Amino acid sequence: MTETTASLTPAKPAAPPKPRKPIESGVPDPLQYMHPIMRKNYGNWAWHERPRPGVLRHVAKSGDEIFTVRAGTQRQMDVYTIRKLCDIADKHGEGHVRFTTRSNIEFMVAAFDKVPALIKALTEEGFPVGGTGNSVSMISHTQGWLHCDIPGTDASGVVKSLMDMLHKEFIQEDMPTRVRITTSCCQINCGGQGDISINVQYTKPPKIDHDRVGNVCERPSVVARCPVAAIRPAMVNGKPSLEVDEKKCVCCGACYPPCPPMQINSAESTKLAIWVGGKHSNARSKPTFHKLVVANLPNNPPRWPEVEDIVRKILYAYKEDAKHWERMGEWIDRIGWPRFFEKTGLAFTKHHLDTWVGARHTMNMSAHVRF
Amino acid sequence: MTETTASLTPAKPAAPPKPRKPIESGVPDPLQYMHPIMRKNYGNWAWHERPRPGVLRHVAKSGDEIFTVRAGTQRQMDVYTIRKLCDIADKHGEGHVRFTTRSNIEFMVAAFDKVPALIKALTEEGFPVGGTGNSVSMISHTQGWLHCDIPGTDASGVVKSLMDMLHKEFIQEDMPTRVRITTSCCQINCGGQGDISINVQYTKPPKIDHDRVGNVCERPSVVARCPVAAIRPAMVNGKPSLEVDEKKCVCCGACYPPCPPMQINSAESTKLAIWVGGKHSNARSKPTFHKLVVANLPNNPPRWPEVEDIVRKILYAYKEDAKHWERMGEWIDRIGWPRFFEKTGLAFTKHHLDTWVGARHTMNMSAHVRF
Amino acid sequence: MADKSKTEDAGKDGGKEGGCGSGCGCASANKHATPRLDQLEGGPWPSFVTGLKRLRDSDDKQYAPMMNDLLGQLEHSYTERLGFWKGGTVSVFGYGGGIIPRFSEVADKFPASKEFHTLRVMPPPGFHYNTEVLRNICDIWERHGSGLIALHGQSGDIMLQGTTTAGCQKAFDELNEIGFDLGGAGPALRTSMSCVGHARCEMSNYDEARALRTILNDNVGEIHRPALPYKFKFKFSGCPNDCVNAIHRADFAVIGTWRDDMKVDQQEVKAYVAKQGRKYTIDHVIAMCPTRALSLNDDDTLDVDNKSCVRCMHCINVMHKALAPGDDKGASILIGGKRSLKVGDLMGTMIVPFMKLETDADYAKLKAFARQVIDFFADNALEHERVGETLDRIGLPAFLDALGIEPDPNMVKHPRTSSYVRTDDFTEEAEKYFARRGLRKDGGAKDAAE
Amino acid sequence: MADKSKTEDAGKDGGKEGGCGSGCGCASANKHATPRLDQLEGGPWPSFVTGLKRLRDSDDKQYAPMMNDLLGQLEHSYTERLGFWKGGTVSVFGYGGGIIPRFSEVADKFPASKEFHTLRVMPPPGFHYNTEVLRNICDIWERHGSGLIALHGQSGDIMLQGTTTAGCQKAFDELNEIGFDLGGAGPALRTSMSCVGHARCEMSNYDEARALRTILNDNVGEIHRPALPYKFKFKFSGCPNDCVNAIHRADFAVIGTWRDDMKVDQQEVKAYVAKQGRKYTIDHVIAMCPTRALSLNDDDTLDVDNKSCVRCMHCINVMHKALAPGDDKGASILIGGKRSLKVGDLMGTMIVPFMKLETDADYAKLKAFARQVIDFFADNALEHERVGETLDRIGLPAFLDALGIEPDPNMVKHPRTSSYVRTDDFTEEAEKYFARRGLRKDGGAKDAAE
Ligand code: SRM
Ligand code: SRM
Ligand code: SRM
Ligand code: SRM
Ligand code: SF4
Ligand code: SF4
Ligand code: SF4
Ligand code: SF4
Ligand code: SF4
Ligand code: SF4
Ligand code: SF4
Ligand code: SF4
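Protein chains in written order, with our numbering: chain A, 1 to 371; chain V, 1 to 371; chain F, 1 to 450; chain B, 1 to 450.
The shape of chain A in the complex, shown without the other chains:
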């Protein structure tokens, strides 16, 4: 079996032998931490409902029930915050919690009567209860200036600013269906696809620090990273360096991680772009990638007001017009892109026309048209 006994009995921390050989225990068994009712009814659930925003009631085939209270966190938490959440779980919950794909925390309890106190405690401590059903859940985000080595902006700050604005939509279930927003602090986009995505978009070719290239970069592999073959090895004032064909360069930044001297970021040229209609679920329509709607927004900490402004416009146009169960992209597929740009008051430009490999597949090769 794949179980590793080592993972089952937490041992009292001992002074680590040096050097200590690691126990390659791999992924721990979740059953040991799981709420007993979930363990008992594991794989045997019948249906669920949402008594109120932020609360789920799952009923098992055995008739057992479990109530879940979901609350938002900042994801990047200090130990005090985590301990506070543990205190709440011990005092008002049943000592078992889980985190969601979107860094929300969930408290599981056996009976509904514990729910109100839980909600009260969480709210008092500043943890918004919600993120369920047709709400705007927590924005999935990435590292940014806080930790990454290649960031164009700070994800945590963007997310904090936006979630302050979206707080109301998190604690109520007032959207056409669940809304997934993501951010990413560079064009690599660790945050992935979203109904709305706020991502860094570079707008200039990399500025090369020729003095450092020779020592820092493995030139052939950097050349190989460029998706449009815009990089060639070159001698610059006597030193081996790299050159970029700026006509070809699509400002993607792929050369930067393997070669930091190819500075893609600058306070001015690093901008933010907003994308919509990304979807992973297979419900109704197939999963789709998000599409560009606005580029060139200023990277304006600490609260990125221009980004907030656009996100608000898009979200509320969607909220007003979409039918139940329509995700952002499905709403647009129904009403059409012309109307999307009308309703949001955004501009459609040549940059929205795909120029990447296979662009032909994104063209309207039909007489389907909207007025």
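These are computed hints drawn from the structure, not numbers from a lab. Some clues are possibly wrong.
Residues on chain F that point at chain B, a partial pick, calculated with CB under 10 Å [claimed, not checked]:
| no. | residue |
| --- | --- |
| 1 | G277 |
| 2 | M288 |
| 3 | L296 |
| 4 | S419 |
Some but not every residue of chain A turned toward chain F, in silico, with C-beta under 10 Å [what the hints assert, rightly or not]:
| no. | residue |
| --- | --- |
| 5 | N44 |
| 6 | H48 |
| 7 | T349 |
Just so you have them, the derived chain A footprint on chain B, three or more residues with Cβ under 8 Å [as the list claims (entries may be wrong)]:
| no. | region |
| --- | --- |
| 8 | 50-61 |
| 9 | 214-221 |
Here the structure is a predicted model, which means the values were calculated and not measured. Glycine included, C-beta positions come from ideal geometry on N, C-alpha and C.
Using the hints provided, position chains V, F and B with the ligands relative to the given structure of chain A.
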């Protein structure tokens, strides 16, 4: 104005002066030949219905009506056939006819009472009346051995064989919706897209007649025609010729028209393939290209029984299972390709997996799956 | 398994099927035996073979010997499973194209048909004829050709099939006198087609024949003297049903559409539901709308969300007594349709979402835009490159730029999903858009032909 | 216009918004002033800044100075609008990966946080914890790290953010003793995620946590000692709702599905229609089914065409009391999902339409197949190439061939539309297919893991 007076008054044929300067009259005006009721109500029609297969009743906003009787022809007609159709039009019709996109002939009359006699005369003379509404209309076809310089088979013969089989489906309206079949006598495919398409498919790289290449072919432009850059100039036994990299060659035949010595055809290797789901109309789904279902069928004149056999299987699987208004491709989109291959008893092979540019766009990149 | 094995040995059966039902003089000495072709005379569908034999057997006619050898060569092809024609160059005085020359590679065996050229003659749009003009064409072709005529070629030509070089000139001169002209061949503007449309169809949104003649007759030089990088085809359909396959088979497709709301007769809707039943109506109309723009009310009337409707025609096709296109009519223009050579098949790309087609001025605008696209093609396409390939090669932004057309969301399925693009001038481009919106009412479409 | 101009000068306002509501000792001498970050303390959402300050202000803790300088560097980034970390190499004894090393480029200004490495620690699948284990983790990280923990990273790791090289080893040793292990980084097998699924969801079609641990714990070496061409990620969702985004964010996505008919409780269907109304039900359920597999009967019961159903989940999501997945459960496997580097974004491609997941033997088969794919990747991918790029580069037929998987129509949207392929062995390939069908019952899927 764009009218060219020259085209309006047919002049008595005179002994042509030599050399005679052409009158570049361009496209003649159709109004001069059009049935008076059509001319009178030009652009003002209200609705139509089909009193019976092969007959259309169009009602104008003025209240005028016109009845159309549609009949099949062999497209490649001798003057006697055309004169016979004229005789029928003069005797039972009103002297005005038109041909359809699919080489059917239409007789227009002002009143329904003329219809039965028209139908009788046409039927007696061997012109099947039908091709309207939910029927299998005439197969659109091409030149083949009769006239083309690069054919792999004979379109007229394939069409005659198939229409003999489909005669019943032409004269009745028994299909889920209108069915469009096409054939083409080489891979260039002048016949275009169809619900079912029967096209030549080469299966071997061209055999090069090196002695002739030098004189006949403009080598650089031949090299340029190859979609996969498999052709390179070469000296073969002292003569300038061309070489084909058979690993790369996709047997498309594009090098053959500009360079006949690159013999792509042979009695054995020239095969037929059958494709389904092509569609030009924008009704419901966007226009789509037909997809490969069977390849490597023998090129077996004069009646291509193996082709007939497959076409029958596909057509009747569709007829049995499709909903009203579903074109072949839409039927398959609903039931899925797995079921299409089951119902038709055809094989799904590696050759059905796209390997052309942008193949990625034809993959199932979703969890949508059928069992 | 069964079918496969059948496929294997069906080859043999092939020969046995059909059989010659014509009792024609196959055997007779001076005529080629055609045992294989004879098998294409049986069966209910009109037989082209029987027709060819009729010509062969018109002993008094000049073309009889030619058609005997033509049948001989065709039988030879059916036996060898190979074609035996080669091209060449033949034209009429003053023109460079319009003829498809055919010289036999087996002229030694079949001398009378060693030349078998085809005249491509442009038909009246919509293929309308009266019997008089058809008879005239037959007479001319009986005098100077083989007597074999195809109505029509896939590009729409009247194809007069089979004559000598001399015959080409004679036949053309007489046809030209009665108002017909040669169509396109080679790297030239090609013969065009339009649907029956205005002449007999309630779905029609513009005068297809007028549009066709306006454009083609403005460019006859490009038809008759091949000087383009490659072929260029126009096709005209009155509505998105596209009865002439314009979207795939034309470099420049004009497809009728309307801008305002469709017309709904709720009484006829109820009548339809009453006749067909609710379940049938839901499954075949409501659920088949590609954009869920239809909703059936509980009282069996229909809600149409015209803003979401993509003018696909389906509901109108089904309920054509209850529903009809609106009044603000015109056409969409799609560019770049073609078959698969080199890059793979292409459907036309939506370039002009809407061009009003009503007044003389509207048609003049269409004419000017067509000319502009032909000029772009002549100047920018590589040798043997279709305009769709040019578009694909340079990309839509560059293409629009060259034509001075503003980007419009109707041109795409969706905006780009790839972030690999340099957007430092995004804000300026956005300003242009807002300026346009401020100035113009009907979006990208209007601009197109300006 | 309005919005644009706003965008233009909003930059200024930006600064004014928010403001520091924390009354923290920003000003005090030994602590860096953080005027910009302070503005991220206001507002209803929990503030990471407030959390960072709490750590900074824990004067008795070893990490207080480090967090003061960390805040200083972060404020510096907010001012300069640039990042100031660089990578390097740090690992724990016996492992090559699992740590993301960070060295400050402005260590002169902020010496205490000159090292700020992150430990990626693999969580229990489904992110289940009890308060005891969470407190243990906090205690360990308080002793040896910054006290900053992210729950969780986008790949699912517990991210212990910020410690020295020495701290990495100490923290790991203690975590390892209580049953935790490092996750992946660099060109290695990465930490995995699975949805809550079996633990609390009625939609679940297999034991996600078991599948995850079966595969990952069979390949710990690939996690700890980076030796692959590039990263490789597994993700596990119990149904096509895909609550962990597996299809795009995993090289190997296991997505639950079922093969038999869905379960329908017609009484609950009627109850739903009664509650929501017919029109609402038609528009939101019937018309939203992607394959028109649903039909509402006149008596308000539901017809489901299970053969046409693509298991999209929509109707089940909407009517989850009336409808449910069937009993013959398992998963589809999609390969090649990734973000956009080099070739553009890729969703996973359907490679195994169905793999039954019930018995020990089933999970063993899954394990073997996962290993086979990892081996293929190790042997065939180019340097820094994701498996999706390899698939895209060599083509699906070659990919299937290498894995010994038979082609299945479920793998494609549709068969090829291009005729540019050499098919002379089509008949043999067809024979193989018929032979397979003769022998096997459940198509390509079964083969996959064999
Ligand atoms: C808890 C969580 C799984 C986990 O292991 O953590 C989860 C839990 C449920 N999801 Fe989910 N989903 C969770 C992330 C996701 C994600 C991934 C993400 O958000 O990054 C997706 C894919 C989103 C996308 O397409 O990009 C996702 C797509 C869905 C869908 C499909 C929605 C759609 O129509 O496209 C459903 C079905 C539905 O909405 O009824 C669903 C349904 C559900 C249900 C109702 C399943 C059930 O019967 O219990 C669960 C309660 C949801 C609720 O909030 O009402 N869940 N769900 C995740 C909560 C994230 C959060 O805190 O907000
Ligand atoms: C006569 C003709 C136009 C012409 O100028 O010659 C024509 C005439 C009509 N077409 Fe068509 N179509 C004609 C070729 C086409 C073609 C092109 C082709 O067949 O090569 C198409 C596109 C096929 C494709 O998608 O590849 C075509 C797609 C349609 C459609 C859309 C069908 C669909 O659902 O996809 C309709 C709408 C309908 O079926 O009600 C339509 C509807 C009609 C209507 C009902 C329009 C009207 O109200 O009069 C006409 C009578 C049709 C009938 O037979 O009942 N016509 N129609 C053509 C007859 C061809 C023939 O002899 O069979
Ligand atoms: C005669 C005709 C088939 C028929 O029997 O109806 C035909 C016959 C030929 N076509 Fe075609 N094409 C004919 C309509 C088409 C169509 C359909 C259409 O126009 O709607 C197409 C598909 C649409 C398109 O234009 O792509 C078509 C796509 C081609 C192609 C491929 C072009 C491409 O870019 O993929 C070629 C090859 C080439 O142009 O090099 C071609 C080339 C040819 C040539 C000239 C072969 C050659 O290169 O020598 C054939 C001359 C045969 C002959 O002896 O007459 N023909 N050809 C059609 C023209 C008759 C007419 O003028 O009315
Ligand atoms: C930490 C994390 C973001 C976060 O804050 O949550 C992250 C952070 C980084 N990612 Fe990521 N990625 C993280 C999840 C993802 C995901 C999402 C996922 O795994 O579901 C993706 C998209 C899915 C995918 O794998 O494509 C992702 C796609 C990338 C890529 C682009 C890969 C591609 O083929 O397009 C890179 C660049 C690379 O690999 O060269 C990358 C590279 C990086 C690097 C290592 C930047 C670098 O090259 O130095 C970042 C280290 C930041 C740091 O200081 O910790 N990261 N990265 C996530 C991992 C945390 C964890 O272990 O739990
Ligand atoms: S998105 Fe870019 S900057 Fe942000 S964490 Fe990922 S790699 Fe780093
Ligand atoms: S930014 Fe991207 S496109 Fe430009 S040089 Fe670097 S890798 Fe190439
Ligand atoms: S399909 Fe090929 S062989 Fe047939 S007419 Fe067209 S070009 Fe000639
Ligand atoms: S057949 Fe096609 S692929 Fe092969 S050499 Fe000729 S042009 Fe190239
Ligand atoms: S294309 Fe439209 S307008 Fe033209 S004939 Fe067909 S249905 Fe009528
Ligand atoms: S025309 Fe087509 S898109 Fe428009 S409402 Fe009717 S069916 Fe829907
Ligand atoms: S993916 Fe499916 S099974 Fe897993 S949590 Fe989401 S809905 Fe439930
Ligand atoms: S699960 Fe999806 S595809 Fe299947 S019937 Fe329900 S809605 Fe249709």
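Okay, the hints, checked on the actual structure:
1. G277: This hint holds: G277 (chain F) lies near chain B, its Cβ roughly 8 Å from the closest one there, short of 10 Å.
2. M288: OK, holds: M288 (chain F) within 10 Å of chain B, min 7 Å.
3. L296: holds (7 Å)
4. S419: holds (6 Å)
5. N44: Given a least distance of 35 Å, the restraint on N44 (chain A) is violated.
6. H48: At 27 Å from the nearest chain F Cβ, H48 (chain A) fails the 10 Å test, so the hint is violated.
7. T349: holds (4 Å)
8. 50-61: Since three or more residues must qualify, the claim that chain A covers the region 50-61 of chain B holds, with 4 doing so at under 8 Å.
9. 214-221: Held - the region 214-221 of chain B has 6 residues with a Cβ nearer than 8 Å to chain A, which meets the minimum of three.
Checked against the numbered hints given earlier, the structure breaks hints 5, 6 and satisfies all the rest.
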